[in-house]
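**Q** Here the protein sequences line up with chains A and B, keeping their order. Take the first sequence: its letter number 13 is residue 11 in our numbering, and every next letter is one higher. Take the second sequence: its letter number 229 is residue 219 in our numbering, and every next letter is one higher.
Hints should not be assumed to be uniformly reliable.
To be verified - Computed from the model, here is a short list of chain A residues facing chain B with C-beta under 8 Å:
id, residue
1, E11
2, L19
3, L22
4, V23
5, P34
6, E37
7, E39
8, K42
9, S43
10, A44
11, E46
Unchecked claim - Now the in silico label distances, taken between C-beta atoms and shown as ranges:
id, chain 1, residue 1, chain 2, residue 2, range
12, B, T169, A, G12, 25 to 35 Å
13, B, A166, A, D15, 30 to 40 Å
14, B, A166, A, G12, 20 to 30 Å
15, B, P106, A, A0, 48 to 58 Å
16, A, G26, B, R247, 22 to 32 Å
17, A, I14, B, E204, 35 to 45 Å
As the list claims (entries may be wrong) - As a list, the in silico EDC-like pairs of lysine to aspartate or glutamate whose alpha-carbon atoms are at most 20 Å apart:
id, chain 1, residue 1, chain 2, residue 2
18, A, K42, A, E20
19, A, K42, A, D15
20, A, K42, A, D8
21, A, K42, B, E226
22, A, K67, A, E20
23, A, K42, B, E174
In case anyone wonders, no lab produced these hints; they're calculated from the structure. Note that beta-carbon positions come from the ideal geometry of N, C-alpha and C, so glycine has one too.
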Amino acid sequence: MAEISFPLPDLGEGLIDATILEWLVAPGDQVERNQPMVEVETTKSALELPSPQAGRVVRTYGEPGQSIKVGEPLIIFSVPDDSAGIVGTVPMEEAPRRRVRLTARPDED
Amino acid sequence: MSETTQPAAAHGRHYGTSSAHTVEGTDPHLHVEVHEPEHDAGLRPILLLHGFASNSALNWVDSGWLNALLTAGRRIILVDLPGHGRSSAPDDVDAYSPSRIRADLLQLATDVGARPLRNGDPASGLDLVGYSFGSRLAWEFAATQPELVHRVVLGGPSSTDPLAAFDLAAATNYLATGTPIADESTASLLRMAQALPANNIFALLALVEAVSSEPFDPAEAIPNQPLLLIAGDRDERASTMDALAALAPHAQQQEIRGRNHINVVTSRAFKTAAIEFLAAD
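So here's chain B without its partners, still in its complex pose (with noise of 0.2 Å):
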């Protein structure tokens, strides 16, 4: 059994590879950080879901994300997506798939401490911030958890699903024989999960397959929760931000001039847009 992830009673940070409870019979295995603010605003925790073939550590800490949370008060809950940092990287296509894991982050939310929302109580529930494939997870853990969720922040999000659309077999074929890979948006991701060596390549293509087969189609489940959409105006991957906002009974928009998919991340007004936003009722 690997250690557990304990809610927090004291300030600081408290590390662990998943919980004590399994999901459909497994452990998911996934790192799990909690960090406590020094002066608690007293409000809900936040999950931070980071994107496909990044990390939390890329994703939230060093772009800034973790402290500026921190400062402004707010309890953070980091997780690495299976197969991604310091998660662990399961053989099973399954263990992949965007509906298992929204049961494993339900799983963790639960056991870290997030309680359903209640009338007047600003503490219960949980705040969401995603980015890229991780703003999927959070448009559908939101709309299928409308009991627990309170505000969502979707970060260079889109209403298509470049993942689904990725080309596995060209992928595979480039990895093993080197033949370029004719589809831009397949070749720039797997340029993506290259970049960093720390990457299960493997892995990361076992989560396109599983992708695939559950493809992102936001009309399926539409989260009524307040939503800011966020994206650089040089996004191109996030060009459908619109479509996917107009689906939304509540959703906002905010482009962050002069950045991309890539560097948006560290944008000062972004973050402080996010925190502003989950701070309302």
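If we strip away everything but chain A, and leave its shape as in the complex, we get (with noise of 0.2 Å):
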């Protein structure tokens, strides 16, 4: 199994952090591509961030009330390693509807 974290992703308009308000998934759930994953509040707006990732939750970030700033953790999910390897090539799956999307950190290792 390999581990993939992701950011806090720009939520465009210049906005630099955003408040959890509510985890819809928590660790040891296994989630889909797409499902609603955490709900979070901007200065301009509520969103409800997408799964970037099928896997398994790991850890999330932050609890309600909590603040995240872009581009710090957010959540780590654990997946086969063979799968690990298709992050960053074309989905298979639909892509999301929203206009906010997470994407992969950068293995820093």
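Got two chains here, separate frames each, mind docking them using the hints?
**A** If you want it as structure tokens, here you go:
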């Protein structure tokens, strides 16, 4: 198994952070790509971020009410080794409908 | 002539600006989208009406509503109100009057295939979900179109009219000279309008002006359909929700704990309650 970390994505409009409203997934959950993952609030609006990845949730960052900066870790998934390599390629599923998308943090190791 | 939104035969999205029809002789140039579910539940379409200074993308797409409703098998009609989102911003103040907007909504609902309610046909008619100013429009639309509207969800609703009480002179003065606005409700509505760089402030002020000539009077026309009124328990703008519910014969209410007028919109509990309510006979 491999772990993939996703940071809070750029939410546009010059926003630099967001506050966690509610997590819709929890560590241990098996989630599908595009499944609703977390509700966040910015100074402009509230957003529901879809899961960028199918996999098992290893860890989520931030309790409701806590602020997270764009680029800081948001969630870590555990995925089978043979699917970790496809990150960054064209996904098989339909693209997310939302305008805000998460992208994997490039491997920093 | 602008692109026509076709009644959808296949899955997928259908974008268009306005309809091929005119209302009172002019084309309203509203941005309309019809979204088809992958697995159709066989129920009537749902028209979603966003709030003041918002738009359908922000209120219904980014917030997760569109996906939640499509997953529930519902066919969805999104529209940007005049002067909002991707709809045009006419110079004529009358284009923003609530009665004119309701006429435009009726035309577009008909154009995308909504048909009058028929006994025993769950695909007939139209369901509505409104938020804030969109709830005011939904209340009036339901009351005046009983043969079309089946059920209505009113999010963040108010029995009073914060837009009609808006101090237009103070707002105009603030924009021209920076003079602070004394009225807190006016100041916060203007902050909301200015929070989105894409908002057309002058179109929004035209809407405010049009609304103040037709302020919300919920007792004037009362919807007879089942209504679900929902707001966050920290939503001060919906503090008169009780009074609104008391006017209607078939209204139920729900509060979402810990949420306010801005952040109740994404609430899963809100979406789930709306989906269940609108799936009933």
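**Q** Each hint should be assessed against the structure and marked as holding or not.
**A** Going through the hints against the structure:
1. Satisfaction of the interface hint for A:E11 is found here, the shortest Cβ-Cβ separation to chain B being roughly 7 Å, below the 8 Å cut-off.
2. Restraint check, A:L19 versus chain B: the minimum CB separation of about 6 Å is within 8 Å; hint holds.
3. About 6 Å separates the beta-carbon of A:L22 from the nearest beta-carbon of chain B, less than 8 Å, and the hint is met.
4. Interface hint at A:V23: violated, since its Cβ lies 11 Å from the closest Cβ of chain B, which is beyond the 8 Å cut-off.
5. A least Cβ separation of about 5 Å between A:P34 and chain B falls short of the 8 Å threshold, and the interface hint therefore holds.
6. At its closest, the beta carbon of A:E37 sits 4 Å from a beta carbon of chain B; the interface hint therefore holds under the 8 Å criterion.
7. Interface restraint check for A:E39: the shortest CB-CB distance to chain B comes to about 5 Å, inside 8 Å, so the restraint holds.
8. About 5 Å separates the beta-carbon of A:K42 from the nearest beta-carbon of chain B, less than 8 Å, and the hint is met.
9. Proximity of A:S43 to chain B holds as hinted, the smallest CB-CB distance being about 5 Å (cut-off 8 Å).
10. Nearest Cβ of chain B to the Cβ of A:A44: about 4 Å, under the 8 Å cut. The hint holds.
11. Interface restraint check: A:E46 against chain B, minimum CB-CB distance 3 Å, threshold 8 Å, status holds.
12. One distance hint, 25 to 35 Å for the beta-carbon pair B:T169 and A:G12, holds here, with the actual separation near 26 Å.
13. The hinted range of 30 to 40 Å is satisfied by B:A166 and A:D15, whose Cβ atoms lie roughly 33 Å apart.
14. Checked against the hint of 20 to 30 Å, the C-beta distance between B:A166 and A:G12 comes to roughly 25 Å, which is consistent with it.
15. At about 56 Å, the CB distance of B:P106 to A:A0 agrees with the hint of 48 to 58 Å.
16. Taken as a hint, the range 22 to 32 Å holds for the pair A:G26 and B:R247, whose Cβ atoms sit roughly 25 Å apart.
17. Against the hinted window of 35 to 45 Å, the Cβ-Cβ separation of A:I14 and B:E204 comes to about 40 Å, which satisfies the hint.
18. A distance of roughly 17 Å separates the Cα atoms of A:K42 and A:E20; the hinted pair therefore holds under the 20 Å criterion.
19. Pair hint A:K42 plus A:D15 holds up; C-alpha atoms about 11 Å apart against a cutoff of 20 Å.
20. Straight-line distance between C-alpha atoms of A:K42 and A:D8 comes to about 14 Å, which keeps the hinted pair within the 20 Å bound.
21. Distance hint between A:K42 and B:E226 is fulfilled; the C-alpha atoms sit about 18 Å from each other, no more than 20 Å.
22. Proposed proximity of A:K67 and A:E20 is supported: the alpha carbons are some 16 Å apart, at most 20 Å.
23. Restraint check for A:K42 and B:E174: the C-alpha separation of about 18 Å stays at or below 20 Å, so the hint holds.
Hint check: a violation occurs at hint 4 only; the rest are consistent with the structure.
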